Every structure is written in structure tokens, then in C-alpha cells.
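So you can see what is in the structure, the chains are spelled out below.
Number of protein chains: 2
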Amino acid sequence: MKNFDLPNTGFFAKGDPLPEPLRKNFSGACYLNPIIPANSPLGCSVSNVTFEPACRNNWHKHPGGQILLVTGGRGWYQEEGKEARELHAGDAVEIHRNVKHWHGAAKDSWFSHISIEADPKAGPAEWLEPVSDQEYNQLD
Amino acid sequence: MKNFDLPNTGFFAKGDPLPEPLRKNFSGACYLNPIIPANSPLGCSVSNVTFEPACRNNWHKHPGGQILLVTGGRGWYQEEGKEARELHAGDAVEIHRNVKHWHGAAKDSWFSHISIEADPKAGPAEWLEPVSDQEYNQLD
Chain A
534 MKNFDLPNTG
544 FFAKGDPLPE
554 PLRKNFSGAC
564 YLNPIIPANS
574 PLGCSVSNVT
584 FEPACRNNWH
594 KHPGGQILLV
604 TGGRGWYQEE
614 GKEARELHAG
624 DAVEIHRNVK
634 HWHGAAKDSW
644 FSHISIEADP
654 KAGPAEWLEP
664 VSDQEYNQLD
Chain B
534 MKNFDLPNTG
544 FFAKGDPLPE
554 PLRKNFSGAC
564 YLNPIIPANS
574 PLGCSVSNVT
584 FEPACRNNWH
594 KHPGGQILLV
604 TGGRGWYQEE
614 GKEARELHAG
624 DAVEIHRNVK
634 HWHGAAKDSW
644 FSHISIEADP
654 KAGPAEWLEP
664 VSDQEYNQLD
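Line by line, the protein sequences are chains A and B.
My numbering numbers the first residue of the first sequence as 534 and each following residue consecutively.
My numbering numbers the first residue of the second sequence as 534 and each following residue consecutively.
Don't take each hint at face value.
A pair counts as met if it fits within one copy or between any two copies, since identical chains are not told apart.
Listed below are the simulated DSBU-like cross-link pairs for lysine-lysine, each with C-alpha atoms no more than 30 Å apart in a straight line [unchecked claim]:
1. K615 x K633
2. K654 x K640
3. K594 x K557
4. K640 x K557
5. K557 x K654
6. K633 x K594
7. K557 x K615
8. K654 x K594
9. K633 x K654
In short, the hints are calculated from the structure, not lab data.
Just so it is clear, the structure is predicted and the values come from calculations on it, not from any experiment.
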């Protein structure tokens, strides 16, 4: 874990380090602020997620889909077979059910997004292999 | 419509004035930036909503529930039979299905929130009577 000072986004608090069972699916330090829990009767959960610079998650799929609302910093989103998309505050990403993807910070910037799980009752995320250094290091 | 200069929240753009069929349910100017449409296959829609000072919506209910994520300014949320809750950036509100409520700006501040409709397929909002000036003017 690098010793970056992650700023507050001035929007939602960054929360606590990821819980242990999730941490192995991330390449570095990542913080989670749960806002609306997965067991809400609304059937929709919301969290704020903050990545330290160069931290990204493994390739994964959400059976119920996911929406990202970028709240600060600079980062990347990539779907399997497509080019990575650079993300900044105010950008939104609509991730359809079971689409293989990853997201995370740029090399030189922290990155923060709201994560909306559109239908968490469809099942938990399916975690896959890491994004290789070769793939990630191509991104500026 | 008052002539306030609504600042950009620095997060999501404020978008355009509400479309005509919705406008009659609001006491003043309100802006809508649709981010994820209601017909998304995710079954979850997201908008940014910005109220001019003193603008609030009528009492209403969402058959599918709603989540508010406050992105700027100062405003109010009230459920029928309960005290109004003052809202600032970073606050979240979980509104259960068919709960009668209203939300809007404080008298002296614009107000901006992300609106997540958790289950728009459950049906459109049911719009009811305005919040009376007597009720609203009690709020500081």
C-alpha cells in the first residue's frame, strides 16, 4: 500500500478501507463508504468508492448491473474487448448485467465514484483475473 | 421565476429547465440533467436535479421508491407527519415506496441532488397538493 494522502472529494466521505474479503480483488488501497445498503427494501444499493493512485480492481461482472457516477480525481473504465475510457468528475458509466469490466484510478491520481448496484438481489459480483501491468501501463 | 444565478455544482451539470408536464408540480425554476434514462435495461434511472432558492416540489409518492444524494447547496426533505430534515452536500435520503414527501431548496440557497429512481418500472410519480407557504415559511 502506497502512502498517498487521499483528499476528501468534498462530496461524500471516503469511508474505511475495503473489508478483507473484497481487498484481494484490488491492486492497492481502496476505501468504501456504504450509503444505501444492499438489503434496502428499495432493491438498489449505493456506495462511495475511492481508489489510491494506480489502484484498480480485477476484471469482474455484476449479475444485476452497475452505474458509476464519478465524483473526483481521474480514472479508467474498461469493458472486455473495448478501449479503456478515461473518467473525470461528472462522468457516468452504465454497466449492463454480466458485462466483464474493471475500473480504477489513473497512475498519478486518486479517483472517486459513487457505485449504484441496480439490482443487488440478482447476486454478488463475480471476481475474475487481475488487470495485467502490461494492459494497465499502456494507459496514460 | 426569480432571477437567481444558479452556480454549477462542479459535479454534474445542471441541465435544462424541467419539461412542461413536470413543471406544474414545482413552485419555481428547477433544472433536470438526465444521466441514466428510465428505460435503461438496468431498471434504475439517475438524474441531477437543481432547484432555485425557495423552489420545492409538491407532495408526491414514487411507487418504486427514490434515493437522493445531495451534491450542493442547502435544502429540505419532509415526509408526511414528520419534521422536515435539512440537507447539505454529502447527505443521502432513502425514500421508501409510496411514502408521501416533498423536497426542495432553502429560502436563501439553490439546492442540487442526484435522484435515483430505484424501480421506475413500478410506475410514475403520483403528484399531489403543493406544500403550503405556511408550512414552508416555518423552515429557516
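Structure versus earlier hints - violations, ascending order
2
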